[in-house]
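Since the structure of chain D is provided, determine the placement of chains C, S and W on it from the hints.
Number of protein chains: 4
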Amino acid sequence: MQGQGNHSIVALLHGPDKAGLVARVSGWIFERGGNILHADQHRDGEAGVFFQRVEWTMPEGLGKETAEAFQRFAEQELGMRTQVALRGAGAALPVVAIFVSKQDHCFYDLLQRFRAGEMPGKIGCVISNHDDLRQPSEHEGLPFYHIPVTKENKTQAEAQQVEVLKRTGANLVVMARYMQILSNDFLKAAGVPVINIHHSFLPAFAGGKPYHQAYARGVKLIGATAHYATADLDEGPIIAQDVARITHRHQIPDLIRRGKDLEKIVLAQAVRWHLESRILVYNNKTVVFD
Amino acid sequence: MQGQGNHSIVALLHGPDKAGLVARVSGWIFERGGNILHADQHRDGEAGVFFQRVEWTMPEGLGKETAEAFQRFAEQELGMRTQVALRGAGAALPVVAIFVSKQDHCFYDLLQRFRAGEMPGKIGCVISNHDDLRQPSEHEGLPFYHIPVTKENKTQAEAQQVEVLKRTGANLVVMARYMQILSNDFLKAAGVPVINIHHSFLPAFAGGKPYHQAYARGVKLIGATAHYATADLDEGPIIAQDVARITHRHQIPDLIRRGKDLEKIVLAQAVRWHLESRILVYNNKTVVFD
Amino acid sequence: MQGQGNHSIVALLHGPDKAGLVARVSGWIFERGGNILHADQHRDGEAGVFFQRVEWTMPEGLGKETAEAFQRFAEQELGMRTQVALRGAGAALPVVAIFVSKQDHCFYDLLQRFRAGEMPGKIGCVISNHDDLRQPSEHEGLPFYHIPVTKENKTQAEAQQVEVLKRTGANLVVMARYMQILSNDFLKAAGVPVINIHHSFLPAFAGGKPYHQAYARGVKLIGATAHYATADLDEGPIIAQDVARITHRHQIPDLIRRGKDLEKIVLAQAVRWHLESRILVYNNKTVVFD
Amino acid sequence: MQGQGNHSIVALLHGPDKAGLVARVSGWIFERGGNILHADQHRDGEAGVFFQRVEWTMPEGLGKETAEAFQRFAEQELGMRTQVALRGAGAALPVVAIFVSKQDHCFYDLLQRFRAGEMPGKIGCVISNHDDLRQPSEHEGLPFYHIPVTKENKTQAEAQQVEVLKRTGANLVVMARYMQILSNDFLKAAGVPVINIHHSFLPAFAGGKPYHQAYARGVKLIGATAHYATADLDEGPIIAQDVARITHRHQIPDLIRRGKDLEKIVLAQAVRWHLESRILVYNNKTVVFD
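Going down the list, the protein sequences come from chains D, C, S and W. Quick note: the first sequence uses the numbering used here, first residue 1036, plus one each step. Quick note: the second sequence uses the numbering used here, first residue 1036, plus one each step. Quick note: the third sequence uses the numbering used here, first residue 1036, plus one each step. Quick note: the fourth sequence uses the numbering used here, first residue 1036, plus one each step.
Because the hints were derived from the structure by calculation, they are not lab data. For clarity, every value in this text was computed on a predicted model and none was experimentally measured. It is possible that part of the hints are untrue.
Where chains are identical, the list cannot tell them apart; a pair therefore holds if satisfied intra-copy or between any two copies.
DSS-like mimics (lysine-lysine), calculated; alpha carbons at most 25 Å apart, straight line [said to hold, decoys possible]:
no., residue 1, residue 2
1, Lys1053, Lys1099
2, Lys1157, Lys1137
3, Lys1099, Lys1201
4, Lys1201, Lys1186
5, Lys1137, Lys1189
6, Lys1223, Lys1157
7, Lys1099, Lys1157
8, Lys1137, Lys1186
9, Lys1053, Lys1320
10, Lys1223, Lys1189
Isolated chain D, as found in the complex (with noise of 0.2 Å):
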């Protein structure tokens, strides 16, 4: 959350809870002239696993090194399951490929927001499943990829979307609205992480239509959830999720437009934690440190 330093190291470790994994880890960076910006730890009790990100500072040109020479350290010393991700001066910024249908105001609020350098991340390409998008895109300059898809192309359709994806180094996918649901195939041939917005309080109201499933149940709110894709459509692992309240006077329409409000930015929270490197997956669920 903190302003950071020109370059720093960022590791998010889990595995079994042990005595002294606080100290081994501060101790070890240390010992090697590092400095602690942030270090948040996390024991879930009942499974005994210890969660843990640490953020640190290195002498300048010691990054890279660092870094892998800390995974190394981690995960065969004190076996951990360990990323590590360089930021700042120098450092390559991770690439998202944006996934978006015809709804266009998620696409647009991001947009918004890499511009103003919100995100630290790059926007890498734009994919649709049609047209409609293609000038705003190019207009900032984005490549811009019109992969429509039917029942009958649809493995071809995803064929072309990992080429892309990997032609553009996507290091995350975002579903910006995407209104297609991705195959298990896909997701293990993306080989990054996706993450979705769904227009409801998940778990409640998951498939289609949730706005319509609200207005016929009669609730008081309505939701947005962002989640990481997977196979089970809806049953992700949740990482943020908001609600606005509403009354018998609000029609559908409304709940549209008032949920187009939360899925701006419960996404836009999803992502910029994600490429903040503050999510652990463990257990269908999201340890955040925020």
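The following block gives chains C, S and W in isolation, referenced to the frame of chain D:
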């Protein structure tokens, strides 16, 4: 919401929409010397239904017959289903029966609110399947009925409950975390509305142990829902809902603790709205004129 | 809130309360063949003032003269100050002038909402003291006026702004983070309402650099306030407010980033309410019929 | 937040930031056989200050001397101001003195929470300038001290209050809507932290009758603020805040009623955080490790 005059009449109407309803209702009141304090309408365009809550004052002594005359007018001439209540000096307060088990936070909260004058009604009795809350009930001057419920005696226990309700003259049953399911037969025999508090954001996590369900799913918000009880458990018309933010740091006891505050506030809100004649039920949903 | 019919008339009234106002207004409409879609009243008991928003449909072709006749009726026979607007097919959309400086998040947000049809109005022009947003304005087809403002030229600059407003036929000015104070003379000469967004929870942190003030005081929530601009800076009638939770971890740049989301939503809400004729101003406060 | 082991040590540290602090603290604990349950850090980059809350378990019987040794280590070797608390079996619970006047909602709410085990502390006594709450206090088994306060006797009354606090062994004073200003002399003589609840969103509407001020200004949200009391009324470090939405329909009694729910929750949250050693005060602001 605003302070009321000393005597007022509150009418809740709903029925097939047609032109001139607002004019005819307000005209009827005006011609009889009444002064409208509040009038709130709602039209469900899709269903073609008109809803109204109207509250007005009458010159002293004209309350009761005016109320009855209005009901005849609205039902016979306008074709509206109508409930009319007299409020203020001289009018009888609605009587509430509280059902409770061992969880006592909603019970104490309601007690304090009735005592403080927040609720336009009075508690007529407390009914529980455990004897634990006898002392605080009787200390408050409230008749306490311990009616144990088992699988075997459920029918007789419910008959006993209905008998107490009739004797108490209860106009409303409030299930303040009463951990038993009321049968359809009970609901029919009781013949008065029943408000229940469910400790989740319905329709998410219906059924038992909702906080455990919420923890397992990894949601980022927990909720509470007050609804009218119907034969279908957790499926009745929703009156009020609220949520609170949680993180991965919150374990199940934390969810339970935070949830209690939601439950208290949401249940109290629903009870108050009901006692103020603000709620119309239609199509298993509520219109709340707050 | 609900969908409107094709043509409708919206009237906002306020004036001294007296018996029968609801009946007389609804009777007048009913007698002329109108059908009330919505009618919402408010009485300020203390001040003895009656407020009403009423929206009704008329048989085709009768909109304009009915609107004028209603205004005469309400003013002359009921003694009410009255604004009447025609909505729907054939009625002119209200014209909005957007004032902006360099901060562009509210600007882009409003553009997207007008483009998406969320706002019952159209943007007539963009006026800025900087030239930065010329390209995106003109790309959207909006006339852009760069009117630099200095201490020395303020009077002439404001005269130029007023001239543009008149030429544009603006019915509303929206200060979308326009970082200049509009003089009382400007407000008078412009002759149309001006909505401003202040980036704090007023009356807390009025004046400059509110996020810095909030950080220094150590508050746990930050806010945004949309209000009508008056001669007294930050003292005008409040239309909408919202807040977001912060912690000690949030530094000033975090407050600014989170605040932007609040500012966008609160400003958009206020502008939409205004364009839908939902706001009455009285006693430096607003009555919002949402 | 998570369940704690049977005995644990909680340390709150703050002081000049320097490299290696996390490593040295965690190393010290690890070398003595301790196991860190939670460790949370914060660095105020601007001020160059390091803050930490660390909680760890020790093998049985080693709690007290370890706590004292840690305090010496942190103060002498790390140059940190340090508070250390023992928690769990065998450790003394912190003692709370509740100050109250006639408004009783926070009083009853706290009673219920302490009784329900939500608070890791115990109420040592109730002190009031009125006699109204003697019965419910004594019914709960709590010593009740009626100490009337007038302009004339204020100094003596405060001396009496201090005497009661000393005799009770109070570690914390909670002003549960105590409608008297505590003098600077009292705060010094009491020598323990004092938590107050102010019924507005500070710094808005400081001073008397904040709901009346809020109504007059026409705000759309009302708030409550829990803070440590200091010599400057309403200017102390803010611990917790919350808000609720209001509309033009809410009159002052509605604001007061809704505000009570905010006050109860915000005050209870602040007291619980304090009793769990989660709050560090620095620069008239709080760092809350929740």
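### Query
When no copy is specified for Lys1099 and Lys1201, does a C-alpha distance of 25 Å or less occur within a copy, between copies, both, or neither?
For Lys1099 and Lys1201, the Cα distance is within 25 Å only inside one copy (23 Å; across copies 59 Å).
### Message
At most 25 Å between CA atoms: does that hold for Lys1137 and Lys1186 within a copy, between copies, both, or neither?
### Response
Within one copy, since 18 Å is at most 25 Å while 47 Å is not.
### Query
For Lys1201 vs Lys1186, is the C-alpha pair at or below 25 Å within one copy, between two copies, both, or neither?
within (24 Å within a copy, 55 Å between copies)
### Task
Classify it for me, Lys1137 with Lys1189: is the Cα-Cα distance of at most 25 Å met within a copy, between copies, both or neither?
Close inside one copy (18 Å), not across copies (45 Å); limit 25 Å.
### Task
Give the relationship of Lys1223 and Lys1157 under a CA distance limit of 25 Å: within one copy only, between copies only, both, or neither.
Within one copy only: 23 Å inside a chain, 46 Å across chains, cut-off 25 Å.
### Query
How would you classify Lys1053 and Lys1320 at a CA-CA limit of 25 Å: within, between, both, or neither?
within (21 Å within a copy, 35 Å between copies)
### Within, between, both or neither, where Lys1157 and Lys1137 count as close if Cα-Cα is 25 Å or less
So Lys1157 and Lys1137 pass the 25 Å test inside a copy (22 Å) and across (23 Å) alike.
### Message
Treating 25 Å as the Cα threshold, decide for Lys1223 and Lys1189: within, between, both or neither.
### Response
within (15 Å within a copy, 54 Å between copies)
### Query
Quick one: Lys1053 to Lys1099, C-alpha cut-off 25 Å, is that within a copy, between copies, both, or neither?
Between. Shortest inter-copy distance 24 Å satisfies the 25 Å Cα cut-off; intra-copy 28 Å does not.
### Query
Under a CA distance limit of 25 Å, which applies to Lys1099 and Lys1157: within one copy, between copies, both, or neither?
within (21 Å within a copy, 53 Å between copies)
Checked against the numbered hints given earlier, the structure satisfies every one of them.
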